[in-house]
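Protein chains in written order, with my numbering: chain C, 11 to 343; chain X, 11 to 343; chain Z, 11 to 343; chain A, 11 to 343.
Certain hints may be false.
Copies of the same chain look alike in the list, so a pair counts if it fits in one copy or across any two.
What the hints assert, rightly or not - In silico lysine-lysine, BS3-like type, Cα no more than 27 angstroms apart, as pairs:
no.	residue 1	residue 2
1	Lys233	Lys148
2	Lys190	Lys109
3	Lys288	Lys141
4	Lys288	Lys258
5	Lys12	Lys49
6	Lys89	Lys12
7	Lys141	Lys191
8	Lys243	Lys233
9	Lys121	Lys148
By construction, these hints were calculated from the structure, which means they are not laboratory data.
There are 4 protein chains.
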Amino acid sequence: MKIGIVGLGYWGPNLVRNFSGNESVKEVIGCDLQEGRLKFIQARFPHVSLTKSFDDLLKQNCDAYVIATPVDLHYSFAKRVLESGRHVWVEKPFTANTKQAIELIELSEKKNVNIFVDHTFVYTGAVRKIKELVDGGKLGDIIYFDSVRVNLGLFQHDVNVIWDLAPHDLSIMDYVISGKKAIGVCANGIANFYNHENIAYISVYFDNNCFAHFHVNWTSPVKIRRMLIGGTKKMLMFDDMENSEKIKVYDSGIEMNNKEKINEALVQYRIGDMHSPKVNQTEALSLGVSEFIDSINKGRKPLTNAEDGLKVVKILEAAEKSIKAKGKMIEIN
Amino acid sequence: MKIGIVGLGYWGPNLVRNFSGNESVKEVIGCDLQEGRLKFIQARFPHVSLTKSFDDLLKQNCDAYVIATPVDLHYSFAKRVLESGRHVWVEKPFTANTKQAIELIELSEKKNVNIFVDHTFVYTGAVRKIKELVDGGKLGDIIYFDSVRVNLGLFQHDVNVIWDLAPHDLSIMDYVISGKKAIGVCANGIANFYNHENIAYISVYFDNNCFAHFHVNWTSPVKIRRMLIGGTKKMLMFDDMENSEKIKVYDSGIEMNNKEKINEALVQYRIGDMHSPKVNQTEALSLGVSEFIDSINKGRKPLTNAEDGLKVVKILEAAEKSIKAKGKMIEIN
Amino acid sequence: MKIGIVGLGYWGPNLVRNFSGNESVKEVIGCDLQEGRLKFIQARFPHVSLTKSFDDLLKQNCDAYVIATPVDLHYSFAKRVLESGRHVWVEKPFTANTKQAIELIELSEKKNVNIFVDHTFVYTGAVRKIKELVDGGKLGDIIYFDSVRVNLGLFQHDVNVIWDLAPHDLSIMDYVISGKKAIGVCANGIANFYNHENIAYISVYFDNNCFAHFHVNWTSPVKIRRMLIGGTKKMLMFDDMENSEKIKVYDSGIEMNNKEKINEALVQYRIGDMHSPKVNQTEALSLGVSEFIDSINKGRKPLTNAEDGLKVVKILEAAEKSIKAKGKMIEIN
Amino acid sequence: MKIGIVGLGYWGPNLVRNFSGNESVKEVIGCDLQEGRLKFIQARFPHVSLTKSFDDLLKQNCDAYVIATPVDLHYSFAKRVLESGRHVWVEKPFTANTKQAIELIELSEKKNVNIFVDHTFVYTGAVRKIKELVDGGKLGDIIYFDSVRVNLGLFQHDVNVIWDLAPHDLSIMDYVISGKKAIGVCANGIANFYNHENIAYISVYFDNNCFAHFHVNWTSPVKIRRMLIGGTKKMLMFDDMENSEKIKVYDSGIEMNNKEKINEALVQYRIGDMHSPKVNQTEALSLGVSEFIDSINKGRKPLTNAEDGLKVVKILEAAEKSIKAKGKMIEIN
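Modelling step: build the complete structure from the supplied sequences, incorporating the hints.
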């Protein structure tokens with residue numbers, strides 16, 4: 011298989027390394043407009059051929075193309091790949107708006123090719139373990155999902171902190187509680203330095219009394235990447251900054267002795283043991299590459315496909331509208 | 011000085027101990043309707059006299075009364091104390107609504123007596139140190155305030171999680187960034203178990219591009235009590251679960267090389283040292299008692315007075331309205 | 011039951027409070043030479059009668075006496091109590107040397123009264139849980155025990171850091187791996203400030219290829235109280251500075267595929283889940299008081315008795331000899 | 011410059027990558043007996059030429075050779091390199107005994123070539139910062155050094171845990187407190203699985219009332235890499251498992267009001283602020299490579315040279331003797 015990679019910025023070396031390392035991949039060709047990035051990749055990966063022209067790259071008849079450009083260019087590059095009848099891998103977030111996402115989905119169906127959206131976290135050992143616990147009923151019914159992803163990071167030119175950081179957490183939520191349906195989004199935040207928000211808080215209401223909340227922040231002195239997932243049976247904390255105990259499952263929960271008298275009775279608490287399951291440490295991107303290639307070979311949709319990408323973009327778009335409207339709820343669908 | 015304490019529940023023993031331990035206090039009289047609480051206090055504090063009747067207590071001519079009942083009773087008890095011309099200490103939150111708070115303030119002015127609102131955290135060494143750093147200009151201008159107070163706690167019968175937990179954080183915010191004016195509140199949340207919210211998120215907009223956010227939750231598997239305070243010069247983390255390093259001040263921040271070209275230029279980051287100042291460990295409640303007594307003796311307003319209590323109640327009231335309106339912004343004043 | 015307490019220093023208020031709170035105890039009498047300590051206790055515990063004279067106290071016909079003086083006075087006070095035919099509770103370490111311990115044991119047997127040695131940690135929920143796990147075979151055979159107890163603490167006048175801090179850890183070890191027999195002790199350390207060591211390291215060799223090591227230090231900038239217990243099946247960490255997860259049991263261990271070829275084969279590791287059991291939070295001292303009183307009432311030896319005290323003193327004595335001999339092994343028995 | 015690397019095991023890829031990445035290096039040739047390792051390196055570094063024969067490699071006239079074999083082969087390979095008049099880089103520990111180290115030093119002097127010993131930690135940002143603080147007098151006079159390096163790691167075939175793990179910590183100690191002279195070593199430990207110790211504790215006595223202690227363990231359920239360095243003015247903790255706050259300097263220390271009355275006076279404690287300096291994050295191995303090449307170019311000794319290697323080997327050798335003699339002190343020199 012022959013893979014063309016468009017955009018060799020921050021994430022580029024990881025894409026080159028993981029596609030090169032996959033045994034089904036015979037050739038990797040890279041493409042970037044900046045001379046510096048081409049030199050950088052050449053020095054580290056002498057076996058990779060490189061070009062400055064996307065037109066050239068498209069002519070090389072790769073089996074699939076990877077779009078790793080800024081988000082506002084995803085649509086136009088992916089469209090040309092799809093039109094040429096080839097499979098496409100798009101970095102997160104899938105597109106800059108729902109309209110683009112829907113158009114690409116329709117095009118891929120017409121051309122009968124695959125769209126893979128790189129929701130990398132879905133392939134981490136930790137998130138797969140959480141999915142396994144939730145699907146296995148260990149937590150009971152999920153009642154809330156709370157996520158914090160803050161750090162002192164580089165401001166993005168083209169997007170606010172929501173479009174930069176929240177796709178990670180929204181894609182994890184979408185994967186983990188895939189049975190729940192989001193119905194409305196409220197968001198608040200502030201732009202302290204220029205016209206893009208550097209801090210934002212997003213609330214997502216679901217149709218079955220489930221609720222999710224996301225805190226994303228480029229201006230936190232400390233790096234926090236933590237999720238709380240509350241279930242009726244057990245509760246889980248996922249702390250991605252922890253090396254050895256990323257997931258902790260608490261045997262503690264809420265018990266109601268008498269459902270009829272819930273307004274009167276004191277809600278009882280049971281506090282028990284904590285369990286921290288072993289987490290597989292295979293590099294997520296390498297598993298993502300395998301899934302993409304396997305889905306092509308078998309003619310099936312990949313795990314993180316365009317519909318998943320669209321669901322995340324819908325919430326991002328709604329959050330942006332809500333934040334402009336000072337927290338007003340924006341309905342989804 | 012003679013002190014009457016109304017309500018000997020969870021916080022009662024701490025109030026009895028600290029008022030008894032203050033050298034200006036000669037006598038403490040306790041009052042509770044429940045026999046069990048009276049016995050509990052008698053066993054631990056054999057020198058304290060006790061009564062089941064508030065009328066009795068009011069006749070005992072105490073110099074000041076402490077109201078430590080459920081919040082919906084604060085107003086009526088405090089009102090009777092003020093009408094009798096005595097000083098009153100009210101637990102947080104001050105009252106169940108702004109109307110009650112304003113009425114008590116007017117009454118106290120007419121009677122020329124003091125209202126102390128027990129915003130205990132204001133008297134902790136950590137919060138006083140934060141105030142000192144902020145007032146000393148160490149952090150620069152405050153641009154955001156982010157607070158998380160979650161745990162697996164006892165549900166309250168009478169109020170939701172906002173009225174139970176948020177007064178702590180709102181009173182800290184009000185004290186620390188006293189120069190900023192709140193203008194609007196948005197809140198979201200969910201009631202998973204009965205009609206009171208167990209999880210809530212509150213956003214507070216200020217008039218000078220400052221922003222605050224509060225996460226309160228009774229159903230978290232882990233106990234987190236953490237604040238991030240972002241300033242233009244430095245940023246601070248206050249982690250109240252830490253024993254020895256509650257406050258960390260980060261020499262890291264955001265520098266903009268060229269204010270004119272902010273939309274084009276990449277925002278630069280400077281990351282430097284971290285400093286954790288020593289924090290005074292005197293019990294906060296004992297300092298609160300001293301402040302209350304000193305304010306009475308000197309005929310001045312206490313540090314945490316009824317106006318501070320009112321400001322917190324205004325935000326609580328607005329948050330409750332907003333949460334019922336699915337996040338719609340409620341203006342303050 | 012009537013209890014006399016000799017020595018009302020740092021630990022005194024805890025002893026007074028817990029003996030007063032025990033329902034079998036009708037009266038507590040305290041004794042200290044220092045006027046200041048008597049006043050301190052009187053203010054907090056108005057119901058306790060006090061005396062400056064041990065002779066007076068002994069005449070008061072208490073059922074049992076508690077010796078909470080500096081360690082060099084344990085022997086003489088305990089001896090007079092035993093001679094008077096009363097039960098005695100001695101703070102840790104039991105005595106200043108093995109000779110004194112043996113003499114007190116013989117005297118107690120002659121007088122048919124109980125000696126309780128206050129190895130408080132044995133009564134903590136965490137240590138009892140560890141004992142339960144070890145006795146239940148969960149860890150397999152114990153192969154090592156590693157303990158660190160360091161802090162920036164008050165230097166003691168009368169003893170070095172070994173006699174001050176190590177009794178805690180030695181008594182935990184003795185309780186947890188009671189089936190193992192210590193055969194030799196090596197110790198190293200340094201006295202940086204005056205003639206008593208402020209840092210010390212103690213190695214204890216056991217008769218069955220088990221090994222223990224203790225690090226005690228008065229001059230550490232941070233407070234660490236941590237034990238590692240290695241078993242052939244599982245390994246355990248006990249971190250007493252943790253609030254909610256004091257004990258962690260690791261499903262990780264060492265597996266040897268082929269015992270014959272152990273010198274050639276790479277030792278295999280299996281790394282699995284971690285489990286943190288719930289720990290009972292009842293105050294240890296209150297359980298110790300109950301055990302003491304129950305042992306008296308039932309005419310049986312208490313859980314932490316004079317023989318346990320003697321075992322700890324033997325190791326302390328050997329460690330002190332070894333440290334003077336620059337680490338030379340001192341045999342036990 | 012042309013570099014030959016002997017031994018392409020665990021550390022091999024890092025050596026190949028860092029030597030290849032240095033701008034003074036034009037060619038890197040690798041050598042290993044195992045076909046698998048050669049294939050592994052070829053796949054990742056297609057530009058590197060490889061050979062199975064050390065004789066071949068020696069004929070290729072490299073400017074310098076890197077010896078990254080098991081420790082028992084360091085001496086013979088390094089000797090042949092030195093005899094051929096070329097510079098040599100030897101992995102830690104330098105040699106298997108002091109005799110070998112001395113012989114190599116003499117040979118290097120005769121041939122006028124450099125020996126670099128890869129004490130990698132000396133080149134980490136954290137250790138360089140600690141050195142800077144100690145040399146700048148910030149900590150005062152160093153009174154103790156306490157190090158813990160434990161994990162659940164791979165057993166080594168050829169050496170015990172002391173030779174495997176302690177060289178890291180001994181080389182850090184030697185670098186940080188270079189002015190102090192070690193005079194004696196005591197060691198204790200246990201071999202639970204076969205004839206090599208898996209747990210060991212090493213005490214090092216210095217000539218000026220300074221003391222160091224090292225805990226190394228292959229059978230700990232948790233990974234701990236922590237050093238405490240106590241000075242008369244300040245104390246420092248270096249926790250290498252921390253991502254953002256590896257070094258913490260405590261403003262706390264010990265003050266003696268009256269040096270004459272030290273036996274009587276209670277030693278006073280002052281507890282103050284904590285400061286965590288920023289640490290440079292450049293990869294240590296890349297700085298080591300630069301230092302090696304610069305020392306060759308300038309005809310000077312490298313920072314971590316054969317004398318430093320010898321000092322570490324002396325302590326390792328003494329520790330091994332002491333552990334066989336159950337803790338008996340072994341004098342150095």
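Status of each hint after checking the structure:
1. Lys233 to Lys148: between (29 angstroms within a copy, 21 angstroms between copies)
2. Lys190 to Lys109: within (23 angstroms within a copy, 41 angstroms between copies)
3. Lys288 to Lys141: For Lys288 and Lys141, both the intra-copy (14 angstroms) and inter-copy (25 angstroms) Cα distances are at most 27 angstroms.
4. Lys288 to Lys258: Classified as both; 10 angstroms inside a copy, 14 angstroms across copies.
5. Lys12 to Lys49: both (21 angstroms within a copy, 23 angstroms between copies)
6. Lys89 to Lys12: within (19 angstroms within a copy, 49 angstroms between copies)
7. Lys141 to Lys191: within (17 angstroms within a copy, 44 angstroms between copies)
8. Lys243 to Lys233: between (30 angstroms within a copy, 18 angstroms between copies)
9. Lys121 to Lys148: Neither. Shortest intra-copy (41 angstroms) and inter-copy (59 angstroms) distances fail the 27 angstroms Cα cut-off.
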